[in-house]
Structure formats: structure tokens, C-alpha cells
Amino acid sequence: MGQTSHSASYSNEPKGLFNRFLATVEYLGNLLPHPITLFALFALGIVIISGIADWVGLSAIDPRPEGARGRDPDGVIEVVSLLSAEGLQKIVTGLVTNFTGFAPLGTVLVALLGVSVAEHSGLLSAAMRGMVVGASNRLVTFMIVLAAILSNTASELGYVVLIPLAAMIFHSLGRHPLAGLAAAFAGVSGGYSANLLLGTIDPLLAGITTPAAQMIDPSYEVGPEANWYFMMISVFLIAALGTWVTEKIVEPRLGKYHENDAGPDLPPNNIEQLSVTEKRGLKSAGLALLVVCALLALTIVPDEGILRHPTTGEVAGSPFLKGIVVFIFVSFAVPGFVYGRVVGTVKNDKDVINAMSKSMSSMGMYIVLVFFAAQFVAFFKWTNLGTIMAINGAELLHALHLTGPEVFVLFIFMCAVVNLSLGSSSAQWAVTAPIFVPMLMLIGYAPETIQAAYRIGDSVTNLITPMMSYFGLILAVATKYKKDMGIGTLVAMMLPYSMIFLVGWVTLFYVWVFGFGLPVGPNSPIYYTP
Numbered sequence: 035m036g037q038t039s040h041s042a043s044y045s046n047e048p049k050g051l052f053n054r055f056l057a058t059v060e061y062l063g064n065l066l067p068h069p070i071t072l073f074a075l076f077a078l079g080i081v082i083i084s085g086i087a088d089w090v091g092l093s094a095i096d097p098r099p100e101g102a103r104g105r106d107p108d109g110v111i112e113v114v115s116l117l118s119a120e121g122l123q124k125i126v127t128g129l130v131t132n133f134t135g136f137a138p139l140g141t142v143l144v145a146l147l148g149v150s151v152a153e154h155s156g157l158l159s160a161a162m163r164g165m166v167v168g169a170s171n172r173l174v175t176f177m178i179v180l181a182a183i184l185s186n187t188a189s190e191l192g193y194v195v196l197i198p199l200a201a202m203i204f205h206s207l208g209r210h211p212l213a214g215l216a217a218a219f220a221g222v223s224g225g226y227s228a229n230l231l232l233g234t235i236d237p238l239l240a241g242i243t244t245p246a247a248q249m250i251d252p253s254y255e256v257g258p259e260a261n262w263y264f265m266m267i268s269v270f271l272i273a274a275l276g277t278w279v280t281e282k283i284v285e286p287r288l289g290k291y292h293e294n295d296a297g298p299d300l301p302p303n304n305i306e307q308l309s310v311t312e313k314r315g316l317k318s319a320g321l322a323l324l325v326v327c328a329l330l331a332l333t334i335v336p337d338e339g340i341l342r343h344p345t346t347g348e349v350a351g352s353p354f355l356k357g358i359v360v361f362i363f364v365s366f367a368v369p370g371f372v373y374g375r376v377v378g379t380v381k382n383d384k385d386v387i388n389a390m391s392k393s394m395s396s397m398g399m400y401i402v403l404v405f406f407a408a409q410f411v412a413f414f415k416w417t418n419l420g421t422i423m424a425i426n427g428a429e430l431l432h433a434l435h436l437t438g439p440e441v442f443v444l445f446i447f448m449c450a451v452v453n454l455s456l457g458s459s460s461a462q463w464a465v466t467a468p469i470f471v472p473m474l475m476l477i478g479y480a481p482e483t484i485q486a487a488y489r490i491g492d493s494v495t496n497l498i499t500p501m502m503s504y505f506g507l508i509l510a511v512a513t514k515y516k517k518d519m520g521i522g523t524l525v526a527m528m529l530p531y532s533m534i535f536l537v538g539w540v541t542l543f544y545v546w547v548f549g550f551g552l553p554v555g556p557n558s559p560i561y562y563t564p
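Residue numbers in the sequence shown follow my numbering, run continuously in steps of one, and reach 564 at the last position.
If you are wondering where the hints come from, they were derived from the structure by calculation, not from laboratory data. Please note that the accuracy of each hint is not assured.
[As the list claims (entries may be wrong)] Taking lysine-lysine and the DSS-like style, the derived pairs with C-alpha atoms no more than 25 Å apart in a straight line are: (1) LYS317 / LYS381; (2) LYS415 / LYS356; (3) LYS517 / LYS290; (4) LYS290 / LYS514; (5) LYS124 / LYS415; (6) LYS514 / LYS392; (7) LYS381 / LYS313; (8) LYS384 / LYS317; (9) LYS392 / LYS381.
Go ahead and model the full structure; you've got the sequences and the hints to work with.
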């Protein structure tokens, strides 16, 4: 119901094969169930598949040497059925701990506590306004995409603050507000992994990659900084591509904006310049951030820094990097508090507590999503299906002679497709890492390189999957400007970004890693040698 109006949501929509393809994507997207429902179905599916796989005797020979941690004496890995009495007992007793022990849950919530202070004090909004409002009309699209990419340092904040702001900015400039929304959405979500600084996603992924790598090499460690170099250079690629797609494809396709298309709560189309007080608050917050960074530097820069690795004295594997979420928390909370004190939005500790409480109250949907995602991930791990698939997959790659760099094209494309149905970056990697990290290590590639390739596939289809946890929020913002906006319509609008980002980012990966032989991060090898 309502599909006809959704598929006709663009004004002056041109005809042609590509637009018919987008219309098909739009129609199919509008048929998808809720992401939480999909996770529940996936978990149920793993239970059923494990029973069938156990019944047919699916197994694999463990490639780890005898005596390795977790290796059975007979060297055979067998499927564990969750359709058995023992499987049911494991499900019942593990339901709560699956949820509370799911790594992304605590990491995101702790980081968000600090981000919430900066957000509710007005610091982040003022900083983003100062960055994009002052730009010329020619540069505003680029600045919005760039600001959206950089907002990933603040975890999910770009979805909440910058995307609505970008729509308002385009509206105030007489441009189509959905083009501004699309540009910001492309930067925040399509360029999710790219950043100049380490964010919450880096320790999350490293924490999942390490145990997957240890299936092959029990001593292997992957640090949060593993992909830093490649992610930094990716910022400029995604900003340039996002600008080009917005101005050459999406905005012309949207056509002229008509106010009568808007919903009843159309946001104002005037963006206020920064006031004198806000500018003073930003300067004070910047000074506070410099002080925080200086104090942190004292713990990690000197050779005797107390947060260096206690044994090796190196930064790699140090408490500083392992606790990076704590420093993200502090780096947002302190400047946010200082800004709030200067502009008057934070007067005492109660205001700080209220800011944190409001952010936590808005995470209800995310917490429910994590509950079902955590069950799916745990069920998949218990069954040994991932390990068996990794071993058999590596053998297949050898048999097909797909052991060269071209294997990453298939891997990235597979990650992009899986991301359509499993929108959480950490949840998807928790599922795919135990399969593909050991599989690709067995044919000679380092976990750091594998993780960098995964981040491309995971990012580029965030834009077109309703499984992404903030997709509903983006749709809600869009309906303020286009009252009949549907899921499929939003997917069709973002699809050009996804396609261009995929081609451009894969090209950069191959040129960077295999063309120039550059590492994806500090002390990150390209190849793995046992």
C-alpha cells in the first residue's frame, strides 16, 4: 500500500534503464520487515541450520597445530547442534550473558556518555554549523560531506546532528533539502570507516579481528590503529566522490523542491550564524581539548609513559590504545562541559547528568536491536559453522587458484552484500571475521589488510540497507521535507553513492596496498607468514 506514491517521489524523474533499476530497488526495499525482526529470524535460522548440518555430519579438519588452544585431540571440528537438549540448555542459560557481553554494546554506550555532554551543551552543533555555514555555495556540498565523515569520531552523532542540519542548510540556500540530507548521509554512513582520527569503531573491530586471527595464530594481536593510514587517505576520496554524486546525479534527479511536498512539521529554512558567545565557547572548548590532549600525550609520548605497553614499552598493544574508548569519552565530555559553562547551557553537575540521561533514553531501539543481534552472533559462534566455513572456503580458494589480490574484490563485494541484511558493523564483523580472517590468513594475507578490506564493504552499503540502526531516523527526517517518503525511495536516492563509493574505494585499496605496497596502518603487514 502506498508503493505507487513512493516510487514517484522524485520530481521530473527521467526514464531509462538505470531509473527503472532504482524503482525496482525502491519497491523491494519497501517490502522488507523491521531490522529487529530480521535479526530474530536469522537467530532462529542458525538454530535450524545447525541441526541440519549436525544431522548430515558437516565437519572440517582443524588446520591448527596439535596442542594449540581450543584444538580437539582428534583434529576434527564438528557442528554443534542447537536443536538438541544440550543446545536448548545453552540457549536458555546464555540468553542474558549473550546480550550483556556483546562488546559493541558497552563501547558505544560509554563513548556516547561523553559525546552526549558535547551534544547537549551545543558544542557539536555549533562546531558543525561553523564548519559548513561559513562555506561558499560552491564549497558547501564538499564541506558537508567532509564534516559528516569526520563526525564519525563522535560515534553515531553525525546521524543525529549533522544530517538534519545539512537538510536545513540546503533548504536555506534554495537547494533541495533532500540533496543536503543525502550528502550528509553519504559522508556519515557511506564513509563510516574513514576518518582522520581513531574513533569507537577502531577498537571494536580490532577486538573482533584478534580472536579470529588467533584461530590460526594464537599469539596474533590486532590493535585499534591497524587501519589508520588507509582510513585517513580514504577521507579525501569519499569527500570528493560524495560531492560529485550529490551535484551531478542526486540533486539534478530530485529537481526543484516544492514546499507543498513537506510534512506538517517542516523545519525552518534559516540557519543562524554563530553568535559572539558561541564563538567564545568554541575557543574555550578548543583550549580545553588541547589541555586534554596534552595530558594524554604525557602518558603515551615519552618512552616512560605510564600508558605504554608495560612489557615492550611500545604504543602498539598499550593500555592507551586498548582503552581508547575512555579517552574518546573524556575528549568530548570535558570540552562539552567547558563550552556549556561559557554559553550557559551547562550550569552544574545536574545538567551533565541530564545530558547523559537523555542520550541513554534515546538508545532504546539500539539496545533492542543489539539484544537480537547478540543472540544471532552467539548462536553462530556456538555451532562452529563459522570455523568450518572458513576452512572449507580456504580449500576452495586454493582449488580455484583464487589466492592472489583479486580475491579481495570478491571479499569486499560479499561484505557489501551481507551488510544489506546485517547493518551493525560490529555485529557483521563478529559473524564474518571468524570465517574470512582465518580463511584469508591461510592463503597468505594479514588480518590488518583483511580488516581494512572489510571496512570498505561494510561502509558502502550502509546507505541502502534498512538494517542500519539509524535508517529509521534518517527516514523520519526525510519525511519532514517529503511527506510520502518511503524506505525504498530513500534507498533509491542513496544507491548512486553506494555504487560510486564501492568502485572508487576498491580502486584506492588496490593502488594503496598492492600497487604501492603501503601498509594500511602503523606496524600493519600486508601479508601473513606463519
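Now the hints, each set against the structure:
1. Restraint check for LYS317 and LYS381: the C-alpha separation of about 18 Å stays at or below 25 Å, so the hint holds.
2. About 24 Å separates the Cα atoms of LYS415 and LYS356, which keeps this hinted pair within 25 Å; it holds.
3. Among the hinted pairs, LYS517 with LYS290 is consistent with the structure: their alpha-carbon atoms are about 16 Å apart, no more than 25 Å.
4. The straight-line distance between the Cα atoms of LYS290 and LYS514 is roughly 16 Å, inside the 25 Å bound, and the hint therefore holds.
5. The hinted pair formed by LYS124 and LYS415 meets the criterion: a straight-line CA distance of about 12 Å does not exceed 25 Å.
6. At roughly 23 Å between alpha-carbon atoms, LYS514 and LYS392 fall within 25 Å of each other, so this suggested pair holds.
7. The straight-line distance between the Cα atoms of LYS381 and LYS313 is roughly 18 Å, inside the 25 Å bound, and the hint therefore holds.
8. With a C-alpha separation of about 24 Å, the suggested pairing of LYS384 with LYS317 holds against the 25 Å cut-off.
9. Distance hint between LYS392 and LYS381 is fulfilled; the C-alpha atoms sit about 17 Å from each other, no more than 25 Å.
In summary, this structure violates none of the numbered hints.
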